[in-house]
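Student: Residue numbers (the numbering used here): 1 to 467.
Quick caveat, the hints were computed from the structure, so don't treat them as lab data. Treat the numbers as computed from the prediction; the structure is a model and nothing was measured. Incorrect hints may appear among the rest.
[To be verified] Across the chosen pairs, the derived CB separations fall in these ranges: (1) Ala266 with Glu358: 39 to 49 Å; (2) Lys111 with Glu133: 37 to 47 Å; (3) Gln293 with Ile395: 38 to 48 Å; (4) Glu83 with Ala266: 18 to 28 Å; (5) Glu423 with Glu402: 18 to 28 Å; (6) Ile335 with Pro201: 44 to 54 Å; (7) Glu440 with Asn191: 49 to 59 Å; (8) Asp166 with Lys307: 33 to 43 Å; (9) Gly388 with Leu454: 10 to 20 Å; (10) Leu356 with Pro450: 28 to 38 Å; (11) Lys80 with Asn25: 27 to 37 Å.
No residue lacks a Cβ here, since even glycine has one placed at the ideal position from N, Cα and C.
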Amino acid sequence: MEFGLPEDNNKISLTRFESMLKTNNVLFFDSAEFENIIHHYLETGKIALAKKAVKLGLEQHPSSINLKLFQTEIYVLENKFEEADKILDKLHTLEPNNEEIFIQKANVLSKQDMHEKAVNTLLIALDLASDDEGIGDLYALIGMEYLFLDQFNNARIYFKKCLEIDMEDYSALYNVIYCYDFLDENEDAINFLNTYLDKNPYCEVAWHQLGRQYFTTKAYDKALAAFDFAIISDDSFVGAYLEKGKVLEKKKQYTEAIENYKITLALDEPTSFALLRIGFCYEKLGNEDLAVQYFYKTVHEDPLLDKGWIAITKFYNKKQNYQKALFYINKAINIDGENVVYWKLYAQINHRLNFLEEAERGYKKALDLGNYELQTWLSRADILIALGEYDASVINLIQAAEFYPETAEIEFRLAGLHFTLHESQKGHYHLKNALLLNKEYEFIIEELFPNVLLKPSVKQIISEAKK
Numbered sequence: 001m002e003f004g005l006p007e008d009n010n011k012i013s014l015t016r017f018e019s020m021l022k023t024n025n026v027l028f029f030d031s032a033e034f035e036n037i038i039h040h041y042l043e044t045g046k047i048a049l050a051k052k053a054v055k056l057g058l059e060q061h062p063s064s065i066n067l068k069l070f071q072t073e074i075y076v077l078e079n080k081f082e083e084a085d086k087i088l089d090k091l092h093t094l095e096p097n098n099e100e101i102f103i104q105k106a107n108v109l110s111k112q113d114m115h116e117k118a119v120n121t122l123l124i125a126l127d128l129a130s131d132d133e134g135i136g137d138l139y140a141l142i143g144m145e146y147l148f149l150d151q152f153n154n155a156r157i158y159f160k161k162c163l164e165i166d167m168e169d170y171s172a173l174y175n176v177i178y179c180y181d182f183l184d185e186n187e188d189a190i191n192f193l194n195t196y197l198d199k200n201p202y203c204e205v206a207w208h209q210l211g212r213q214y215f216t217t218k219a220y221d222k223a224l225a226a227f228d229f230a231i232i233s234d235d236s237f238v239g240a241y242l243e244k245g246k247v248l249e250k251k252k253q254y255t256e257a258i259e260n261y262k263i264t265l266a267l268d269e270p271t272s273f274a275l276l277r278i279g280f281c282y283e284k285l286g287n288e289d290l291a292v293q294y295f296y297k298t299v300h301e302d303p304l305l306d307k308g309w310i311a312i313t314k315f316y317n318k319k320q321n322y323q324k325a326l327f328y329i330n331k332a333i334n335i336d337g338e339n340v341v342y343w344k345l346y347a348q349i350n351h352r353l354n355f356l357e358e359a360e361r362g363y364k365k366a367l368d369l370g371n372y373e374l375q376t377w378l379s380r381a382d383i384l385i386a387l388g389e390y391d392a393s394v395i396n397l398i399q400a401a402e403f404y405p406e407t408a409e410i411e412f413r414l415a416g417l418h419f420t421l422h423e424s425q426k427g428h429y430h431l432k433n434a435l436l437l438n439k440e441y442e443f444i445i446e447e448l449f450p451n452v453l454l455k456p457s458v459k460q461i462i463s464e465a466k467k
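Modelling step: build the complete structure from the supplied sequences, incorporating the hints.
Tutor: Put into structure tokens, the structure is as follows:
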């Protein structure tokens with residue numbers, strides 16, 4: 001559907017329509033006005049107003065095909081697919097060659113995850129389309145359906161067709177490159193972009209994408225050249241400066257990287273990404289004061305960015321200023337208590353400070369949030385042993401063994417715990433098992449359970465295993 005009323009007229013129509021709703025006075029609008037009003041509300045997400053406009057529009061223009069198509073669009077948004085289908089079937093009987101009807105049919109099918117059928121329906125609409133703009137839109141819709149089907153080769157074909165109609169269809173260009181990326185066909189993407197740039201040499205988007213492909217393939221000098229061309233094409237292109245900064249970091253040219261990141265701060269609102277990267281660059285240059293300043297700026301700009309809080313925490317961790325590290329990781333946890341990396345850092349810092357109960361709490365929380373790394377299980381087990389919580393440590397290690405069966409580090413700890421709990425039979429079983437798996441971890445018994453080594457039966461099992 002095309003919407004071509006002048007902007008001033010459209011504003012007048014909207015003002016009249018909203019005035020009518022407030023006063024309950026029924027005013028007349030022609031069908032084109034209603035179409036523009038509905039389109040505006042749908043575009044701005046005001047679905048309730050769009051519904052009212054459709055209802056009033058059909059009362060005044062009951063035979064309008066376009067208004068009925070809008071009605072089906074509303075039904076689709078409300079997941080009322082049967083109602084939408086009934087209207088579309090009636091409209092198809094009236095206008096069997098109306099491409100918009102097939103587009104809406106495809107929309108209904110797509111929303112129900114019937115993407116193959118949606119493609120076939122859009123292909124019918126494609127046969128009926130006549131103008132380039134309409135054909136280009138259909139190519140894009142077909143491409144999107146193939147993306148839903150994970151058929152990236154087919155999707156790429158149709159997005160490329162969009163570019164044949166309009167070389168400046170950057171949405172299609174991004175989608176073509178997305179397909180190449182997903183298929184890990186970086187060299188093919190590079191060839192495609194170079195061919196595209198031969199025809200459209202001042203396209204900053206294509207240069208930017210080419211630079212990203214070179215970056216992925218570690219051709220850093222070529223990536224730099226591509227980003228420079230993107231900047232020549234548009235010297236206010238923030239993305240090109242950011243990507244150029246990343247390449248310069250890879251080349252260890254940290255001062256130049258900082259310059260490019262700072263340009264983005266001048267061109268646009270500061271981004272937490274640029275601030276964070278500047279901080280890392282200063283850290284690499286040994287300028288710790290400026291590094292931490294930019295880490296502070298990062299979390300001030302975006303308190304929800306975990307990388308900013310992690311950077312500050314690790315900064316103080318490296319300097320062995322554990323109290324400050326703990327202060328900042330606590331602030332991070334207060335903002336996002338479900339971040340598993342925060343809890344791991346919280347546990348490690350408390351462990352270093354010998355705050356064992358808090359450290360155990362941190363490791364437990366990390367496990368509860370799905371961090372099932374072996375070291376997390378083992379660290380928690382060792383802290384529970386230090387706290388004298390032997391039964392809890394056994395339960396923790398049994399849970400760990402479900403994820404890491406036949407692991408010597410777990411078996412030696414279970415052996416020591418069972419001997420400590422005077423469960424000699426279980427202790428013998430786990431000790432023999434541990435020695436069979438890896439004798440080199442015998443030191444675990446010595447470090448965590450020195451008294452267990454004094455038992456004659458334990459000495460005998462270890463001695464026999466060494467023969």
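Student: Cβ-Cβ distance between Asp166 and Lys307: within 33 to 43 Å?
Tutor: Given about 38 Å between the Cβ atoms, the range holds.
Student: Take the C-beta atom of Gln293 and the C-beta atom of Ile395, compute their distance, and say whether it sits inside 38 to 48 Å.
Tutor: holds, 46 Å
Student: Determine whether the Cβ-Cβ distance between Lys111 and Glu133 falls within the hinted range of 37 to 47 Å.
Tutor: Violated, since Lys111 and Glu133 (Cβ atoms, about 24 Å apart) do not stay within the stated range.
Student: Kindly confirm whether 39 to 49 Å is satisfied by the beta carbon distance between Ala266 and Glu358.
Tutor: Hint holds: Cβ distance 43 Å, inside 39 to 49 Å.
Student: Given a hinted range of 18 to 28 Å, is it respected by the beta-carbon distance of Glu83 and Ala266?
Tutor: Taking Cβ atoms as reference, Glu83 and Ala266 lie about 53 Å apart, which means the hint is violated.
Student: When you take the CB atoms of Leu356 and Pro450, is the distance between them in 28 to 38 Å?
Tutor: violated, 19 Å
Student: Just to be sure I understand the hint, the distance between the Cβ atoms of Glu423 and Glu402 should be within 18 to 28 Å; is that true here?
Tutor: Holds, at about 20 Å.
Student: Should the hint that Gly388 and Leu454 are 10 to 20 Å apart at their CB atoms be regarded as holding?
Tutor: The hint (10 to 20 Å, Cβ to Cβ) holds, given that Gly388 and Leu454 are roughly 19 Å apart.
Student: Do the Cβ positions of Ile335 and Pro201 conform to the proposed distance bound of 44 to 54 Å?
Tutor: holds, 46 Å
Student: Between the beta carbons of Lys80 and Asn25, is the distance compatible with 27 to 37 Å?
Tutor: The hint (27 to 37 Å, Cβ to Cβ) holds, given that Lys80 and Asn25 are roughly 30 Å apart.
Student: Just to be sure I understand the hint, the distance between the Cβ atoms of Glu440 and Asn191 should be within 49 to 59 Å; is that true here?
Tutor: holds, 52 Å
Checked against the numbered hints above, the structure breaks hints 2, 4, 10 and satisfies the rest.
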